[in-house]
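All residue numbers for the sequence shown refer to this note's numbering, where the first residue is 1 and numbers rise by one.
Hint data in this document are derived by calculation from the structure and do not stem from the laboratory. All values reported here derive from a predicted model rather than from experimental measurement. It is possible that part of the hints are untrue.
Per label pair, the in silico range of CB-to-CB distance [what the hints assert, rightly or not]:
1. A69 to G128: 25 to 35 Å
2. L27 to A69: 37 to 47 Å
3. T34 to R92: 13 to 23 Å
4. G131 to S86: 17 to 27 Å
5. Q26 to S86: 14 to 24 Å
6. N118 to P97: 21 to 31 Å
7. A81 to T18: 16 to 26 Å
8. T18 to D70: 49 to 59 Å
9. T35 to D70: 42 to 52 Å
10. D84 to T34: 37 to 47 Å
11. F25 to R92: 49 to 59 Å
12. F25 to R96: 27 to 37 Å
Positions of the beta carbon are idealized from the N, C-alpha and C atoms, including for glycine.
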Amino acid sequence: MRFAAGGRRERLLPLDMTPMIDIVFQLLIFFLTTTQLVRTAREVLSLPAESGSEEARTGSGAVTVNLLADGSVMLGDRPMALEDLSAALAARRLDRPEDFEEAALIRADRTAPAEALNQVVRSLRGAGAVGLRLAVDPAGGRREASP
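Put together the whole structure using the sequences plus the hints.
Here it is as structure tokens:
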């Protein structure tokens with residue numbers, strides 16, 4: 001009887017890293033793209049300083065309306081005139097009704113005219129929004145330095 005001299009043979013399995021690299025690049029592209037989309041939806045505004053709920057709900061499908069200091073409106077990332085908001089919301093309701101299943105978010109600058117805010121609320125109610133949320137700054141404009 002002859003026995004193998006080495007006792008144990010090592011297996012050499014080829015390890016193909018190409019699919020792993022593809023997945024990593026796909027994830028990288030996904031996160032970079034979604035980060036850019038979130039930034040464009042978040043216009044830099046001076047929000048009213050009020051104590052409010054600390055919850056940071058960012059419904060991906062919810063309607064977000066930004067009311068700028070000069071009274072102009074941005075629906076998502078599209079600037080538009082205040083008079084065109086009702087028509088744009090009605091068109092969006094037809095195209096994507098799931099966006100209106102959550103409460104709409106109004107982000108109004110603290111120096112925006114009150115009449116413009118009232119018009120935004122009327123437009124959202126007319127479009128069939130189930131509820132409204134008004135974004136506030138609970139810190140009151142005081143930003144703590146991050147370490």
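Next on the checklist: Can you tell me whether the CB distance of A81 to T18 sits inside 16 to 26 Å?
Outcome noted: For T18 against A81, whose Cβ atoms are near 51 Å apart, the range 16 to 26 Å is violated.
Next on the checklist: Just to be sure I understand the hint, the distance between the Cβ atoms of T35 and D70 should be within 42 to 52 Å; is that true here?
Outcome noted: Hint violated: Cβ distance 28 Å, outside 42 to 52 Å.
Item to check | Hint check for S86 and G131 - Cβ pair distance inside 17 to 27 Å | outcome: 18 Å, holds
Item to check | Distance restraint evaluation - A69, G128, Cβ atoms, bounds 25 to 35 Å | outcome: 28 Å, holds
Item to check | Outcome for the supplied range 49 to 59 Å, where the beta carbon pair is F25 and R92 | outcome: 33 Å, violated
Next on the checklist: Just to be sure I understand the hint, the distance between the Cβ atoms of T34 and R92 should be within 13 to 23 Å; is that true here?
Outcome noted: Check passed, 20 Å falls within 13 to 23 Å.
Checklist entry - Between N118 and P97, does the C-beta distance stay in 21 to 31 Å? => result 25 Å, holds
Item to check | Whether the CB-CB distance between F25 and R96 falls inside 27 to 37 Å | outcome: 30 Å, holds
Checklist entry - Using the C-beta atoms of D84 and T34, is the stated range 37 to 47 Å upheld? => result 28 Å Cβ-Cβ, so the 37 to 47 Å window is violated.
Next on the checklist: The hint says 49 to 59 Å between T18 and D70; measuring C-beta to C-beta, is that right?
Outcome noted: Taking Cβ atoms as reference, T18 and D70 lie about 52 Å apart, which means the hint holds.
Next on the checklist: The hint says 14 to 24 Å between Q26 and S86; measuring C-beta to C-beta, is that right?
Outcome noted: 40 Å, violated
Next on the checklist: Between the beta carbons of L27 and A69, is the distance compatible with 37 to 47 Å?
Outcome noted: 38 Å, holds
Hint compliance for this structure: hints 5, 7, 9, 10 and 11 are broken, all remaining hints hold.
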